[in-house]
Each structure stands twice: as structure tokens, then as C-alpha cells.
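**Student:** Okay, here's what each chain looks like letter by letter:
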Amino acid sequence: MKTLRSILGVLALSLAATACLSVPESAKPECTKMSDCDTTNGEVCEDGVCWGNPPEGAFVAVISPPSDRNLVTKELTELVISEQGWLSSLQLERPVTVSGDVDAVCTPPAICDRGITATITITRDSHFAGGPGFKTVVSTKTNTSGATFEANLPRTRDGDAEYIMTIVPDGRGDQPSSENLSARLVPPMRVELGVPADISKVFVLGGVNLPVVDGTLVAAGGGGLSQYRVVAMGRWKVGAPPIEVSTVDYTDADGKFRLVLSDDLEGDVEIVAKSWGGTSAPTLRLGGIASDGPSIHVLQQPAMLGSKATITVPVKGKDGGGEISPVRGARVRITAQTTSSTMPGSTLATFVAEGTTNDAGVASLEVLDGQAFRASYKLEIVPPASASVGVVFDEPLEFGNQPDMLLPARVKVRGVVLDNKGEPIKDVSVTVRPSLRFAWSLADKPQAFLSAIPAATAITPSTGEFVVWVDPTITDLWGHYDLVFEPPTTGKYPARAPLWVQAEVAIGSTDTLSLPDVVLPDAAFVHGAITDPDGLPVEGAEVKVFRVNTTLALCSMVPNAPLSCPIPATLQGRGASDALGLVRVTLPR
Amino acid sequence: MSDHHALANPGSPRIPAGLLGRSTLARAVHDCTELVRLAVLLPLALLGGCLFPPNLSVSDGDAGVNAAPTILAVRSDLEELPEGGSVVFEKGSGSVNVTLYDTDVADSLFVRVFVNYDVTDPTPARSTCAAPCTPPCTAIQRSATCDFMTICTDADVDSADPRFMTVMVFDREPLDSGTPAYKAMPPGGLSGTRSLLLNCIAAPN
Numbered sequence: 001m002k003t004l005r006s007i008l009g010v011l012a013l014s015l016a017a018t019a020c021l022s023v024p025e026s027a028k029p030e031c032t033k034m035s036d037c038d039t040t041n042g043e044v045c046e047d048g049v050c051w052g053n054p055p056e057g058a059f060v061a062v063i064s065p066p067s068d069r070n071l072v073t074k075e076l077t078e079l080v081i082s083e084q085g086w087l088s089s090l091q092l093e094r095p096v097t098v099s100g101d102v103d104a105v106c107t108p109p110a111i112c113d114r115g116i117t118a119t120i121t122i123t124r125d126s127h128f129a130g131g132p133g134f135k136t137v138v139s140t141k142t143n144t145s146g147a148t149f150e151a152n153l154p155r156t157r158d159g160d161a162e163y164i165m166t167i168v169p170d171g172r173g174d175q176p177s178s179e180n181l182s183a184r185l186v187p188p189m190r191v192e193l194g195v196p197a198d199i200s201k202v203f204v205l206g207g208v209n210l211p212v213v214d215g216t217l218v219a220a221g222g223g224g225l226s227q228y229r230v231v232a233m234g235r236w237k238v239g240a241p242p243i244e245v246s247t248v249d250y251t252d253a254d255g256k257f258r259l260v261l262s263d264d265l266e267g268d269v270e271i272v273a274k275s276w277g278g279t280s281a282p283t284l285r286l287g288g289i290a291s292d293g294p295s296i297h298v299l300q301q302p303a304m305l306g307s308k309a310t311i312t313v314p315v316k317g318k319d320g321g322g323e324i325s326p327v328r329g330a331r332v333r334i335t336a337q338t339t340s341s342t343m344p345g346s347t348l349a350t351f352v353a354e355g356t357t358n359d360a361g362v363a364s365l366e367v368l369d370g371q372a373f374r375a376s377y378k379l380e381i382v383p384p385a386s387a388s389v390g391v392v393f394d395e396p397l398e399f400g401n402q403p404d405m406l407l408p409a410r411v412k413v414r415g416v417v418l419d420n421k422g423e424p425i426k427d428v429s430v431t432v433r434p435s436l437r438f439a440w441s442l443a444d445k446p447q448a449f450l451s452a453i454p455a456a457t458a459i460t461p462s463t464g465e466f467v468v469w470v471d472p473t474i475t476d477l478w479g480h481y482d483l484v485f486e487p488p489t490t491g492k493y494p495a496r497a498p499l500w501v502q503a504e505v506a507i508g509s510t511d512t513l514s515l516p517d518v519v520l521p522d523a524a525f526v527h528g529a530i531t532d533p534d535g536l537p538v539e540g541a542e543v544k545v546f547r548v549n550t551t552l553a554l555c556s557m558v559p560n561a562p563l564s565c566p567i568p569a570t571l572q573g574r575g576a577s578d579a580l581g582l583v584r585v586t587l588p589r
Numbered sequence: 001m002s003d004h005h006a007l008a009n010p011g012s013p014r015i016p017a018g019l020l021g022r023s024t025l026a027r028a029v030h031d032c033t034e035l036v037r038l039a040v041l042l043p044l045a046l047l048g049g050c051l052f053p054p055n056l057s058v059s060d061g062d063a064g065v066n067a068a069p070t071i072l073a074v075r076s077d078l079e080e081l082p083e084g085g086s087v088v089f090e091k092g093s094g095s096v097n098v099t100l101y102d103t104d105v106a107d108s109l110f111v112r113v114f115v116n117y118d119v120t121d122p123t124p125a126r127s128t129c130a131a132p133c134t135p136p137c138t139a140i141q142r143s144a145t146c147d148f149m150t151i152c153t154d155a156d157v158d159s160a161d162p163r164f165m166t167v168m169v170f171d172r173e174p175l176d177s178g179t180p181a182y183k184a185m186p187p188g189g190l191s192g193t194r195s196l197l198l199n200c201i202a203a204p205n
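Just so you know, the sequences run in chain order A and B. Heads up: the first sequence begins at 1 in this note's numbering, then just goes up one per residue. Heads up: the second sequence begins at 1 in this note's numbering, then just goes up one per residue.
For the record, the hints were derived by calculation from the structure and aren't laboratory data. Only a predicted model underlies this, so the values are computations on that prediction, with no experimental measurement involved. Fair warning: there could be bad hints in the mix.
Said to hold, decoys possible - Examples of chain A residues toward chain B, derived with CB under 10 Å:
{"hint": "1", "residue": "67"}
{"hint": "2", "residue": "173"}
{"hint": "3", "residue": "176"}
Said to hold, decoys possible - Label-pair distances were calculated between CB atoms; the ranges are:
{"hint": "4", "chain 1": "B", "residue 1": "83", "chain 2": "A", "residue 2": "324", "range": "27 to 35 Å"}
{"hint": "5", "chain 1": "A", "residue 1": "28", "chain 2": "B", "residue 2": "68", "range": "29 to 37 Å"}
{"hint": "6", "chain 1": "A", "residue 1": "28", "chain 2": "B", "residue 2": "161", "range": "47 to 55 Å"}
{"hint": "7", "chain 1": "B", "residue 1": "85", "chain 2": "A", "residue 2": "312", "range": "23 to 31 Å"}
{"hint": "8", "chain 1": "A", "residue 1": "35", "chain 2": "B", "residue 2": "70", "range": "26 to 34 Å"}
{"hint": "9", "chain 1": "A", "residue 1": "264", "chain 2": "B", "residue 2": "176", "range": "51 to 59 Å"}
{"hint": "10", "chain 1": "B", "residue 1": "85", "chain 2": "A", "residue 2": "359", "range": "48 to 56 Å"}
Ideal Cβ positions, reconstructed from N, Cα and C, are used throughout, including at glycine.
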């Protein structure tokens, strides 16, 4: 009887424990003692994790502080990781401050001490190739002493590149404003400066010797063109993207404008005149303007522009069930261009209309119905992220009622993500984006179009499977894509799977591309403590660990790489610090 | 106080103890008082345990009430982006890592990044990413990385005015239809927002 009682007691307790105590399953530590880890390769067991045995090779890192601390981003050009997986020197620094007044140049008898409200962008190249560099934007504040600003920066040390500070006067809106005339008074200014310690300066914009471009916007039938915003686009450095490098002017009925150019510009500038005030008019452009001296120009509007007309573009595509249905949220863009004459140096007129398809899959766009553009309209359509239907690029658009625009099918890229033991991994974020080789093989215009296609993403279920959709071709060039796999990192005991990029996946002509199993490499766990200059822990800081790409062969292999050929450093892992300043990073072995 | 021994119902038949002594079942049950206790207690234990499972999670709020997810931090490749601050992104590059907080640990979280979203002329999110509940679903704090290569368009680069960018987290996946467009969720869904001023610059030539 006693035995029976015991059995029943155990049975009851077992039942109670298994059926009733629905205790949430907690993450399991991977080690409880040193022998659970690969100690021969330096791993140590701490807090249930086997740390150490980091991958070989050089790493660089960026440590970013939380935004509410008076600390600045720090780049580590040599990240030291011990065999036991400890990250050294994760100490943030206090910023140095650059501050000052922004004034307009004063030529008596004009009223002096004119504060110029401005937006100031400060950038610096990264300390390592392909790094994120430094960028910050501040605005001036107006007070009794004029327009002042203050920006916090990492200290400039010996051998560091100087900061590039671009001061752009405010009041550059699409329409003229009576409240802020700064942009009409003085052009932007670019300054290179090192900031080894706090500095305060007065930045004086404008100057009596700056080049001035005078001109007139002339309508096709003669007479001035009013309600245009006119500015010059140019650059201070070869290879830099064009930006606004002059004062801004807004034309009246006589169409006249005057632009003061910035100092020290590189090469020619282009005058860009954009209409405002709700009129559908083309943008006028005139390039080849010398930036080092005064000049006078006429921008002639082409003839036969016609009047405003509405085009509705119905966009459809095959949905998940194979049915043809409207595509909602697609970005539709119609472009056209023409010149005022066939003579060299004539004005280029460009027209752009953009819209988004509504619930019925229809986008309504206002265009000009005259002969000047009628035959040259081109259509671009970009469906929302992760759609199974693809893009339309540079498709000629017949003027008039539009038939249903059936978007092409994208190629389904499918696969399974496994860890290095062959087990499927759940919750891996899969992002697919065009490879650099693909992007830089395209000419400028399709390259710009490709960069506007949102990246498709997917999250793996417990089976590790994923499906992402990509455009197989752009301008008949077959696509190559990089697949980025980011396993979940949050949790006390993260999966032993690192961030991983499967590069240069070539897309073929089939509807579905089934990839071989994507086996993520083994991972090493490393950790460290992020501190402030006083050695106190910093919560909410982030460390990102990169590998620098030393092979730049791609730059010479593709026809349209940017002049600076900015091959980014490859992110290997990232982590944010906890309340004790401790940060954990998973690296691929 | 003495117990009341009177029968509840005087009409019930009395069973003499001597008769029970001859019953095999009665004798077995009498000998196994532990069995009787267990027979009574086991279902109670099972029921009690099953109906009222212990909540061992310190992070759970009141049961049955959905808590809104919040955004703790948005970090670019370079820095943490301050709430309401100005940020610079280069067209065609970059990503952001969003740190999320939701006491409903079983909720999957969906991040959508909108630029100049206008209810009268809504446009879809320019960037999306997600932070699923990863078993054992105990993390109240999670992160998701959103690709920002398409956050800036040509028009944004050309514009002199900064754009209004909102990073939103939803605890139900936004629906393909419904209002507000691209933000509508199944009933009960909640969201959190962080807003920034977006300045777009062109990529190097």
C-alpha cells in the first residue's frame, strides 16, 4: 500500500508539473562551466555564454553614444579583440565645439551686422575606407547678437582629415518668402577646418568679388517668365554631387534674375529655373556656365508646351493568388525633356510629374499636352517594397487614355537559412539589395532608378525558409543581388549565428530562383564595456564592427562606378550597451 | 462547540456500520485514506494549476490589455538619431537600427518609415523591417534593421526644405487596405512613433 501511495504521489506531482505549471520556457545558457566551451581556442564561459575565439583578421569599429549624452561618435581603426573575446578601448569621448556667428558681408554704407540664418552641414571622411564618416546638421538660432550656431564634433587629431562645413543660408523654399531673405542675399559657403579644441568664429558669407550671373527667362512667344525659382547647381570638389552654390532668385514678370555664385567652385555650373505657384511648367536648365567670372544668359522656354492635362495611369499586376488586380501604393513618375532649339547651348526643358496609385491602383498626374513633350513622355513605376510585381523603367507613354499598365512579374528568390550545424534558423531578417557590381554597371539614369527601388525583406519562420522578390533586369541588364541575413540578436543567449551577406546572387530567366541552402558560418561572441571619458558605463551606446574591403578591383571592372568608388566596409556585427555599459557582438568566424 | 450530528435529512435511510464492514469496496477505500485525499486533491491541483498559471514574467503588464510598443532609439550607421532632430542621409545608401520596447513580449513588431506622409495624399512606407517575437519570446526590448537606400528620392535631394520623417512601430502588421492608408491595423493594434527632420544629399558622382 505504501508503494501504491508513493507511485500515486509522484504521478500527481508529475501531472501537476507537466499539465499545470505553464512556466514560460526560458532561454538556455550554452555553458555552465568552462569545459562546456572551446577552451583550447581561448573560449571562456561567463554568464552562460562561451566568449572568445574571435575570427582572424583586422577589424575596425564605430562607437556611437546615445543622443542624450554629451559624447561623440568614435571610430576605431584597429579594434583589439582578445582571445577570450574582450573588446578593448570602447571609450567614448567628449566633443569639441565649433560655434560662431553667421553674418553677411558688409559693404558700407549698407547696414552691417546682418545675421544670416542658415543650415550648417558638417561632414568628415571616415578614418577607414568605406566607413560611415561623420555628418551632422545644425541650424542657427537668432538672438540679439545675430544668428549663432553651435555643433559638437569629434576632436581633430594629427593626421585626421579636416571637417567640411557647408553653410547654406535659409529662405531657399520653392516659393519666395518675405520672412527670410538670407538665401537671396548671400550664396552658400564652404569651409574646411580642423577642430582640435573648442573654437568660435564669425563666418562671413558673400563678398563683393564673387562671380555674378545675370539672366532672363524668356517665354516661347517672347516676354519674361514670372514665378520661377532660379539657382545655380555646381560643386566645390570634382566628383562631388551637384548642390546649390548660389543665391536664390525668384522671377517677376520681366523674367530677370541675378545669382551670386559661391567662391572657389570646381568647373562649370548649371542654372536651374523651376516654376512655382501651381503652374505645370517645365524646369529650364542651362549648363556650361563659367563659375569663375560674371556672365549674362538667356534661358528660352521651348515652344508648343500646350496646357495642363490629366493622365490617369491604371496599374495592375498578378497578386499572390495569380489574379490580375490593382496595385496600390505604386510610385508612378512621368518624365519628358526637350530643348528650346537644336543649336548648341540651347535651354533644356525637363518635365516631371509624380503620383502614387490609390486603392483602385490608379495614379492621376498632371502633364502638358503640347507637341513639345507629347512624343517624349516616359513612364517609370515602382511598386511598394516586397511586392511580387516588378518595375517599369523608361517606357514610352502614348498621350491620351491609358490602358491598364500590367507590371511584370518579379523573380522569386527562395531558400532556407541554416546554422552551421544544419538546423533551420527562425526570425532571420533577409534583405535583398542590388549588388554594387549590378548598380555600377548601369548608366547614370537607370542607376538612379535602381537606387529608388525599395529593398525586399522577409523574416524566416521556424523552417528557416524565405522568399524575396527581385526585378530580374533593368534596361536589359540581368540583375545581381546581395542577400543580407541578420539573425535575431536580442535575448540573453543569442543564437550562435552571425550577420551574413551572400554576395552577387545572379538572377536568371526563370520565374523562381531556388538557392542552395544558405548555411550561416559559425559565430564568435565578443563583448566589451562602453565607458565615458571618466570610465563610467554608458547605457544605450552602440558599437558596430566592420571589415574593410581591401580589394578595389570592382572599381575598374564596372563602367559606371563613382569617381571616388566608395566600396563600403562590410558590417560584421553590432550591439547596444546595457545599463552596465556592457555590449555584446556576434561575429562570423 | 460541538458538531451537529443530526442528519440533514431525517428521511434518509441509516446504514449500520456493521453492514459497511462487509462491503469490499468500503473496506478498500477505508484502508486507502491517502488515495481518497489524492483523488480529491489531484483534480483540484490540476484545475488550480491550469486555470491560474503562475505568471513568472516580470515584464508582463495586466493580462488581456495590449500595451503600445515604443521606439527607444533609432540609430543610423553613425549615430543615435535624436527625437525631433535633423538628420542627413545620402541617397542610395545607409540603414537604421531601431530599438523597440513592448511589454507584450509575444507580439511581433513591424517598423515602417514614412516620409512626408499626408493623410489626404498618403504614400506607402519607404522602408520596412520587423522584429518578430523570437522564442521563448521573453524579450521586451528588441531591434530591427531597416534598409535606408530608398529613403531619399531625387525630389528630396533637390528640395531645399527638410522632409518630415516618421519611424513607426506597429504591434499588428499594417493591412493592405483601410485607413489611414498604409498604417491601418487589425482591431486592437497599437503603434509608437518617432519623428525626425530628414535632409537628403546626393550620392557622390
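**Student:** It remains to establish, for every hint, whether it holds in the given structure.
**Tutor:** Going down the list of hints, with the structure as the test:
Annotation: interface hint on residue 67 of chain A holds; nearest CB of chain B at approximately 4 Å, less than 10 Å. Against a cut-off of 10 Å between C-beta atoms, the interface hint on residue 173 of chain A holds, since the closest Cβ of chain B lies about 6 Å away. A hinted interface residue such as residue 176 of chain A counts as satisfied when its beta carbon comes closer than 10 Å to some beta carbon of chain B; here the least separation is about 12 Å, so the hint is violated. Checking the proposed 27 to 35 Å range against residue 83 of chain B and residue 324 of chain A shows it is violated: the Cβ atoms sit about 44 Å from each other.
For residue 28 of chain A and residue 68 of chain B, the hinted distance range of 29 to 37 Å is satisfied, since their beta carbons lie about 31 Å from each other. Between residue 28 of chain A and residue 161 of chain B the CB atoms are about 52 Å apart, so this pair conforms to the stated range of 47 to 55 Å. At about 40 Å, the CB distance of residue 85 of chain B to residue 312 of chain A disagrees with the hint of 23 to 31 Å. Separation of residue 35 of chain A from residue 70 of chain B is about 42 Å and departs from the stated range, judged on CB atoms against 26 to 34 Å.
Hint check: residue 264 of chain A to residue 176 of chain B, Cβ distance near 52 Å, so the stated range 51 to 59 Å holds. Here the CB-CB span from residue 85 of chain B to residue 359 of chain A is close to 35 Å, at odds with the stated 48 to 56 Å.
Comparing the model with each earlier hint shows violations of hints 3, 4, 7, 8 and 10; every other hint is respected.
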